[in-house]
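Dock chain to chain to rebuild the complex, using the hints, since each chain is given by itself in its own frame.
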Amino acid sequence: MKRRDAFRALAGLGLVACDTRTPHKGALGALERLNEKVEGALLSDRPASEALALTPLEAFPGYHVAPTIPEVPSDWALIVGGRVGTPLKLSLADLRALPRIDARIRHHCVEGWTAVADWGGVAISELAKLAGAKDTAYVEFRSFDAPSFTSRGYWSSWDRASAFHPQTMVAYEMNGQPLSAKHGAPCRLYGSVKLGYKLVKYLTEISFLDKRTGGYWENQGYEWFAGV
Amino acid sequence: MATPRRPQPLLIRITHWVNVPVLVIMAMSGLEILLAYPFFGPRGAEYDWVPLSGWMPPAWMRAGGWLAGGRHLHFAFAWALVINAVIYLGYLGASGEWRRRLLWKAQPNQRYSVLQRAAYTGALGLAILEVLSGLAMWKPVQLHRLTSAMGGYDTARVIHFLALLGLIAFVIGHIVMVAVHWRKFPEMITGGKREETP
Numbered sequence: 001m002k003r004r005d006a007f008r009a010l011a012g013l014g015l016v017a018c019d020t021r022t023p024h025k026g027a028l029g030a031l032e033r034l035n036e037k038v039e040g041a042l043l044s045d046r047p048a049s050e051a052l053a054l055t056p057l058e059a060f061p062g063y064h065v066a067p068t069i070p071e072v073p074s075d076w077a078l079i080v081g082g083r084v085g086t087p088l089k090l091s092l093a094d095l096r097a098l099p100r101i102d103a104r105i106r107h108h109c110v111e112g113w114t115a116v117a118d119w120g121g122v123a124i125s126e127l128a129k130l131a132g133a134k135d136t137a138y139v140e141f142r143s144f145d146a147p148s149f150t151s152r153g154y155w156s157s158w159d160r161a162s163a164f165h166p167q168t169m170v171a172y173e174m175n176g177q178p179l180s181a182k183h184g185a186p187c188r189l190y191g192s193v194k195l196g197y198k199l200v201k202y203l204t205e206i207s208f209l210d211k212r213t214g215g216y217w218e219n220q221g222y223e224w225f226a227g228v
Numbered sequence: 001m002a003t004p005r006r007p008q009p010l011l012i013r014i015t016h017w018v019n020v021p022v023l024v025i026m027a028m029s030g031l032e033i034l035l036a037y038p039f040f041g042p043r044g045a046e047y048d049w050v051p052l053s054g055w056m057p058p059a060w061m062r063a064g065g066w067l068a069g070g071r072h073l074h075f076a077f078a079w080a081l082v083i084n085a086v087i088y089l090g091y092l093g094a095s096g097e098w099r100r101r102l103l104w105k106a107q108p109n110q111r112y113s114v115l116q117r118a119a120y121t122g123a124l125g126l127a128i129l130e131v132l133s134g135l136a137m138w139k140p141v142q143l144h145r146l147t148s149a150m151g152g153y154d155t156a157r158v159i160h161f162l163a164l165l166g167l168i169a170f171v172i173g174h175i176v177m178v179a180v181h182w183r184k185f186p187e188m189i190t191g192g193k194r195e196e197t198p
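Residue numbers (the numbering used here), protein chains in the order written: chain A, 1 to 228; chain B, 1 to 198.
Incorrect hints may have been included.
Claimed, not checked - Derived pair list, reagent style DSS-like, types lysine-lysine, alpha-carbon separation capped at 27 Å:
1. LYS129/A / LYS211/A
2. LYS37/A / LYS139/B
3. LYS37/A / LYS25/A
4. LYS134/A / LYS89/A
5. LYS89/A / LYS182/A
6. LYS25/A / LYS211/A
7. LYS211/A / LYS139/B
8. LYS134/A / LYS211/A
9. LYS25/A / LYS139/B
The set of hints was computed from the structure by calculation and includes no laboratory data.
So that you can see chain B by itself, here it is in the shape it has in the complex (with noise of 0.2 Å):
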């Protein structure tokens, strides 16, 4: 018998806190780097097909000022999202949480929806991709295997693109959740009542 947990533990609660700034300046400081060519695919074969393409991101989406400062926030805080997101991954893993939160064979007194479970699955494995293809594009040609299987350079900054897109679309979902079920937001922040792991 599991010892009575809260619904959402310290980790969970932390890392969920830390990841809040960290993503926020991750994607304005993407968007400042963004700006410097907004269009996508190689000079003289431009992928005319990627949604948003040549759009120019407005000042209150960006952050770093110009492009060198854009290129060193993203560079630096790359760090506190990979380590933040290590620690999210390890304590899922070996709490054995990801079993409720992550797609997964429905269990009894299930507490996430299958919607729910798939849309934390999808934010999750987007994420991943953002890192995979961030790393593609820092270092195409040391990296050239990581670059390769993302297709390429170019196809990197698709992907890095559109995922970003992908993340912007579930946190406003996970947003609108959070209003239409408020009561359960303070648990994200004492983690709730214990109860009895299902």
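Next comes chain A alone, as it looks inside the complex (with noise of 0.2 Å):
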């Protein structure tokens, strides 16, 4: 009994040292912007270039957070902005006519599954220089997929060094197809270097800015850089 007491008890500290429903906060907040550190110092511009089956499309599953599959309003357009010389503004039409990257990638969601895809858009590092982007430290992207019609899109933010990865793009494909609306349409952000809950679909704007933000999940509790 004695011993099962004194387990108690400090399993009860560390829950008051951790409250997990404020991880950002206290000592699991200060041990996140330490792993954060780690994460960076990990981070290479290698691509992600394993030998992959990919996974059937039906078995890719799609996550969005409106009720149902977000429809592409009628006025899309690509957004991007921030701290830019030239801000745009871009329809599908533009984003297919620029340099085109492709990769195959393992997404690797926070929930502990995976699934293979091929990709193919233009790499944010590519739309950094046609708007000119100035003294990017984060990206922020946002997107038309919202909770209801009164709330802002699922949105996230980046550091630099992964928006800039070779492999980090603007996807309007996914195996050779244009993308569905099940995964994003008409084009969602797509990478090797982080977690599915980083990677937004259904775009409608990208800003490339000095200061860091945060995103849907991230506000949450979720951790912001959730690297892989």
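Take a look at the structure:
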């Protein structure tokens, strides 16, 4: 009984120091910031290039925060802005006319599952060049996938090195086909160096920023860096 | 002639007791993370052969309350686990204690039986496998060589889970043995009576 009480006291102490409902704060937050430094140091520009077997498309999950699969607004265009010399407003045809990159990438979901697909699109670094991005330290991505009509859409923000990784792109093709509504049509953020919740689907806006912002899941407590 | 030493040296006792809450929190937060997707293998080609595949760990086995909480606990306490392990392994090597505790040629007045030493060696091996497979899942792209050595992300996840089951089996066996040899238990707190090192 004594050992059990001692164990309970220890566990209780741990819970006070580490409130898992607000994990960006307290001891857990301090360790998250330490882990971010380690993750940043581990990050390299090396493309992910293992030989991977494609996942059957129907087995590749597609999540959204809207109650039903989001539909493309009739006036859709991709806005590229923030600290840029030339703000851009790109149609899907404009994106397709830009230099294209292709990559087969394993998707790592925060839940623990993986799936593999081929992705084609325009590198974020290419868009930064085109818009004349200045002093970029962070890049923010926003979407039209919203939980309700009145709420802001799903979003995320990335560190510069991950956003400018050679495989980080605005993808408009998946497995050689135009991106489907389930997977983020007309275009989505994709890449090999972040967990799935950082890969914003149904893109509307890309902002090159000098300040760090947050994200839909990140602000609720999920790790901001979330590198793989 | 070595100076008389206690059967359980101070650093062994400290690292042992630090390990108790740390391992419990790592296991419980790990099961919280597992609950988010309690299956193995890539989507569309699941590994149905993994034992307990599809099992939902009950609330009393989990820590963190939700996936993000479980992940933050896991990645915070992983530091405590690794630092404690480095101190333990450093001491084990430097003091020569490993010869008494791990699988090694039998020595005169051997304190631990070959079965005990096999169990301690196995548990240490499983713990090292846990850390390596955990790192492989944490950074499968940046630590791609380690992840490949584990057979890829999805097999690293299987290894991480099976090694946990192995460690749980060790802990159950360990507690049963402590209960049977309860007279020895105070040694892990006081260190025991100084004796000549065999």
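Output the indices of the hints that this structure fails to meet, ascending. none
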